[in-house]
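So the chains spell out like this:
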Amino acid sequence: MKRILSPCSMLPLAFLTLLASLILPSCASLPPVPAGPAETSATTRSSLTTESHIVIFHSNDIHGRIDAFAKVAAILDAERKSGADVFYFSAGDNFTGDPVIDRYDPPGEPMLALFGRLGLAVVCPGNHEFDYGMGPLRRFASLFPMVSANIEAPAGAFPELRPWTVLKTKNGTAIVVFGLIQIEPGNGLPSTHPDKVKGLRFSEPLAKAREMKGLRASGQVLVALTHIGYDQDLLLARQMPEIDVIIGGHSHTRVDPAVNVNGVLVAQAGAGNQYLGRIDLRLRDGRVVEKQGRLIDLSQVRDEDASIKSMIAKYRRNPALARVLAEAPREISGMNALGSLMTDAIRQAHGLDIAFQNNGGIRIGRLPKVITLRDAYMLDPFGNQVVEIAMTPAEIRSLIKASFEKRGEIELQVSGITYVVRTDGTRQVREILLRRPDGSPLPEDRTYKVGLSSYIASSYSFAHQDPGRSLQTSTVDDLILYLEKGADLELYRDVVRAVWEKSPGPSEN
Amino acid sequence: MQIKVNEQTIEIFAGARVEDVLRKYSRSEWMLVRKKEKKVSDRYGHEVGLDGELIGGEELMTSARVPEEPHS
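As they're listed, the protein sequences go chains B and G.
To convert, note that position 79 of the first sequence is 79 in our numbering; the numbers rise steadily by one, no gaps.
To convert, note that position 29 of the second sequence is 29 in our numbering; the numbers rise steadily by one, no gaps.
FYI, nobody ran anything at the bench for these hints, they're computed from the structure.
Being a predicted model, the structure only gives us computed values, none of them experimental.
You may find that some hints are simply not true.
Said to hold, decoys possible - With a Cα cut of at most 30 Å, we get these calculated DSSO-like pairs of lysine-lysine:
{"#": "1", "chain 1": "B", "residue 1": "449", "chain 2": "B", "residue 2": "401"}
{"#": "2", "chain 1": "B", "residue 1": "81", "chain 2": "B", "residue 2": "170"}
{"#": "3", "chain 1": "B", "residue 1": "369", "chain 2": "B", "residue 2": "485"}
{"#": "4", "chain 1": "G", "residue 1": "36", "chain 2": "B", "residue 2": "406"}
{"#": "5", "chain 1": "B", "residue 1": "406", "chain 2": "G", "residue 2": "35"}
{"#": "6", "chain 1": "G", "residue 1": "4", "chain 2": "B", "residue 2": "449"}
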């Protein structure tokens, strides 16, 4: 690609520094541009070419799906060899979704190593970047520029994070990138377990974005790298025409081609490494004059980087999955025992009164005496979230009745109570008795904190006034924690907490 | 939170994903999307993944998946 250097690029550095100090006072109210490996000296406005071409590749919501990285690497390498200015951005949620990555020791490390090989230029944290805790996240941010303007941390708690950063092309064109993360309307936190973000403060992303308008003067290209969802990205574009490109994530939206809203190019590349986003920016005299974005369907790409493929194969043989979580006195077998174990784990993890697990979510018939991480994922492979719903006894009966009527048999395993379903000879439910673990009737005059898998919460038709809320952990995470903490596995011998009585009897409660 | 699926309002737990609300709307529709016979799109016509996270107020539509011309 032809590059024409301006006369300014020939000037001595000292003069350029002085010139920059005169040009940049419009940034005085903004946070200082943090020093970083991707930056050079203060040549922001002085070394412009008359024409240039920048290619930004981008991913979002990879969620641990690393297999397509060999193809991503081949695409990036080919483009870099062409001589173009090539960058690779991540719009967050790289973690959580594949045990190979999530349970690596240390967690997420394969993703970081692969990003290193791919030359990741900048990342904004998504809500699931917090799932491993602050240690792994800070390591991520120490290796790659991490930006988010609406996260505030106490001094020393997260020094690696910056609101924005500046990337430079070979000829000195400055690409200013600021980040934003979503927050939930209810608690004002990103969608992760609240314990994971303790001490951090989050502000409303679109309001914080307005404070970033001044960044327009700091470079030739202004990019918002966001994890706020496509709807919010569109609102951001409408309120801030100063932005050249919004590269988004969170809603897993496949935007192909990228759309122009209010003069702002809005892009998002689906999820799970199925697509790689590509944005082409053409600049003339320091201004973006043409921009377009499209997605590359990685399933259609044949070229692969052999060394990256080899790395992925090595990670797939993750030895961490063989880690022993617990040793039971004997095998734990059958729906009753395994379901009791799984529901006890949910109930204990969140301090709930009651928890349910459907039989369809129990995917193996027995756990061996020596229980490994792999066994836990084989037992509960779906990644269902835990949902808490406040329920009355009548609503709990409604749930049990709905579950029984699915197949005319006991379908829900339980912790915190036992229950009896009484039917007539045609399997019509006549009565459901709820009892506390000591056998006494469950008090009827209160509501209970009930934990369900997201599958039960969304696919069973039952009465409940409280719509409920995700607790931002998965059922298998709770199971692993329960086993690691040394649960008494003797409890799961001959345990039966849900009983079907075919003959109708007198009402107990 | 409330999400519209094919113009029907669905009340679903906070923090639900696309697949949760789709399953609540219609289990058979969810199965068709899982089998890639149908796809889910947002109100702008962009396809969204089953793992896509929702914040409330979104509108989703399901439709038959039309094979696309591959590009790379």
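Hint-by-hint comparison with the structure:
Among the hinted pairs, residue 449 (chain B) with residue 401 (chain B) is consistent with the structure: their alpha-carbon atoms are about 19 Å apart, no more than 30 Å. Between the alpha carbons of residue 81 (chain B) and residue 170 (chain B) the distance comes to roughly 14 Å, so the proposed pair stays at or under 30 Å and holds. Distance restraint check for residue 369 (chain B) and residue 485 (chain B): the Cα-Cα separation of roughly 16 Å lies within the 30 Å cut-off, and the hinted pair is therefore satisfied. Distance hint between residue 36 (chain G) and residue 406 (chain B) is fulfilled; the C-alpha atoms sit about 25 Å from each other, no more than 30 Å.
Distance check on the hinted pair: residue 406 (chain B) and residue 35 (chain G) sit about 22 Å apart at the alpha-carbon level, within 30 Å; holds. Proximity of residue 4 (chain G) to residue 449 (chain B) is assessed by CA-CA distance (about 27 Å); at most 30 Å being required, the pair is judged to hold.
In this structure, every one of the numbered hints holds.
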